[in-house]
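K.L.:
Heads up, the sequence shown is in the numbering used here, so the first residue is 1 and it goes up one at a time.
Hint data in this document are derived by calculation from the structure and do not stem from the laboratory.
The model shown is predicted, which means the values in this text are computed figures rather than measured ones.
A few of these clues could be false.
[Said to hold, decoys possible] Calculated pairs, DMTMM-like style, for lysine to aspartate or glutamate (alpha carbon to alpha carbon, straight line, at most 20 Å): (1) Lys32 with Glu306; (2) Lys35 with Glu306; (3) Lys75 with Asp233; (4) Lys201 with Asp122; (5) Lys102 with Glu306; (6) Lys105 with Asp26; (7) Lys101 with Asp233; (8) Lys103 with Glu306; (9) Lys204 with Glu306; (10) Lys105 with Glu306.
[What the hints assert, rightly or not] Distance windows between CB atoms, simulated: (11) Pro47 with Lys102: 22 to 32 Å; (12) Tyr196 with Leu51: 42 to 52 Å; (13) Pro71 with Thr45: 16 to 26 Å; (14) Thr45 with Asn193: 37 to 47 Å.
Backbone N, C-alpha and C fix where the C-beta goes; we use that ideal spot for every residue, glycine too.
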Amino acid sequence: MKIKNILPLIGLVLFVYLIYRIGIYDLITTLKGAKITYLLIGVLTTPIFILPLAFKWHMILKRQKFVLSFPYVLKLYYMGAFYGFITPSRVGSLMRATYLKKKTKRGLVECASSIVLERIMDLFAIFIFAFIGALIFLRNNVDLRYVLIFSFLVFSGIIFIFMRKSRGMYALGLIYNYLLPKSIKEKTDNSLNIFYNSLPKLRKLIPVLFVSLITWALIYFQTYIFAWAFAIDIPFYVFVAFAAIGTIIATIPISVSGLGTRELTLITLFSLYNIRPEAVVSMSLSSFFLIGLIEGLIGLVFIFKEDEVLDYNTISS
1 MKIKNILPLI
11 GLVLFVYLIY
21 RIGIYDLITT
31 LKGAKITYLL
41 IGVLTTPIFI
51 LPLAFKWHMI
61 LKRQKFVLSF
71 PYVLKLYYMG
81 AFYGFITPSR
91 VGSLMRATYL
101 KKKTKRGLVE
111 CASSIVLERI
121 MDLFAIFIFA
131 FIGALIFLRN
141 NVDLRYVLIF
151 SFLVFSGIIF
161 IFMRKSRGMY
171 ALGLIYNYLL
181 PKSIKEKTDN
191 SLNIFYNSLP
201 KLRKLIPVLF
211 VSLITWALIY
221 FQTYIFAWAF
231 AIDIPFYVFV
241 AFAAIGTIIA
251 TIPISVSGLG
261 TRELTLITLF
271 SLYNIRPEAV
281 VSMSLSSFFL
291 IGLIEGLIGL
301 VFIFKEDEVL
311 DYNTISS
């Protein structure tokens, strides 16, 4: 068994351990005691909060010379949300590229590059929130502050290298020359050329980053509504900082969609405000599954209207 298939089990084991330590009875009691009004508001506003996500992707597509209407991009975003909800780490959201390829007749790599770029912008925005939060709220947790600062600098350095084709091709070439057979290397080089040629100029991505910051603030506000359902009462700016740090930790590939690692991080951070662990886990699980379920169901409707449910393996073909 490959190690990449084993790593997600770490998060699941951690999640089971957290449930055991909290107590399944206390967790169920907390879930039952949730304020339904806030849960309904959080769920019913999902179609509103997904609008800026689709708008951000639409901005990137326009900068890559894709001519698509916003309603169509929004539909593709929902369809990707369905695949993302049913696949580990939401990788299935890359299925948007397959539908995009079918619509525009462009290559899969070029179509997927818009989604990769969207993810990079998202991570950069989240890092900014987490970085600020670490500096302000984690004065006593020096180790975590250093980890986040180091991660932010590494991430920024990687972006600096790969946003210019010559630097990125050189860095990857050092790896390919030693590790990959010639046939695979040639195929990969061609894909990288297509990928880099499809990227917009860095200055054109500054507005996208700005929209990403607003988008993630809105996403965290939606989660904040779920926090109210479980009587979690902390300032919104603190909540955003903690949620961003939780999102960063959740990207570590040792869990399924961040399950377990995200909850442990949030429990640790929210304990600074004496928030009960069962309330934190209830908020995290309810927001993750209910929002994902609504997005996925809407996406499934669009998929059936498209008259084609794609095999996830098509993304690699």
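K.L.:
Does each hint fit the structure? Answer for all of them.
P.N.:
Quick rundown of the hints versus the structure:
1. For the hint pairing Lys32 with Glu306, the CA-to-CA distance comes to about 38 Å; that exceeds 20 Å, so the pair is violated.
2. Among the hinted pairs, Lys35 with Glu306 is inconsistent with the structure: their alpha-carbon atoms are about 37 Å apart, more than 20 Å.
3. Our distance criterion of 20 Å between C-alpha atoms is broken by Lys75 and Asp233, whose separation comes to about 35 Å.
4. The hinted pair formed by Lys201 and Asp122 meets the criterion: a straight-line CA distance of about 17 Å does not exceed 20 Å.
5. At most 20 Å may separate the alpha-carbon atoms for a hinted pair to count; Lys102 and Glu306 meet this at roughly 11 Å.
6. In summary, the hint linking Lys105 to Asp26 is not supported, as the alpha carbons are separated by about 53 Å, beyond the 20 Å threshold.
7. For the hint pairing Lys101 with Asp233, the CA-to-CA distance comes to about 45 Å; that exceeds 20 Å, so the pair is violated.
8. Between Lys103 and Glu306, the direct Cα distance comes to roughly 11 Å. Compliance with the 20 Å bound is thereby established for this hinted pair.
9. This hinted pair does not check out: Lys204 and Glu306 have alpha carbons roughly 32 Å apart, beyond 20 Å.
10. For the suggested pair Lys105 and Glu306, the alpha carbons sit about 16 Å apart, so the restraint of at most 20 Å is met.
11. Taking 22 to 32 Å as the suggested C-beta distance range, the pair Pro47 and Lys102 conforms, at roughly 24 Å.
12. Distance hint check for Tyr196 and Leu51: the Cβ-Cβ separation is about 30 Å, which falls outside the suggested range of 42 to 52 Å.
13. Against the hinted window of 16 to 26 Å, the Cβ-Cβ separation of Pro71 and Thr45 comes to about 19 Å, which satisfies the hint.
14. Remark: the range hint 37 to 47 Å for Thr45 to Asn193 is upheld by a beta-carbon distance near 42 Å.
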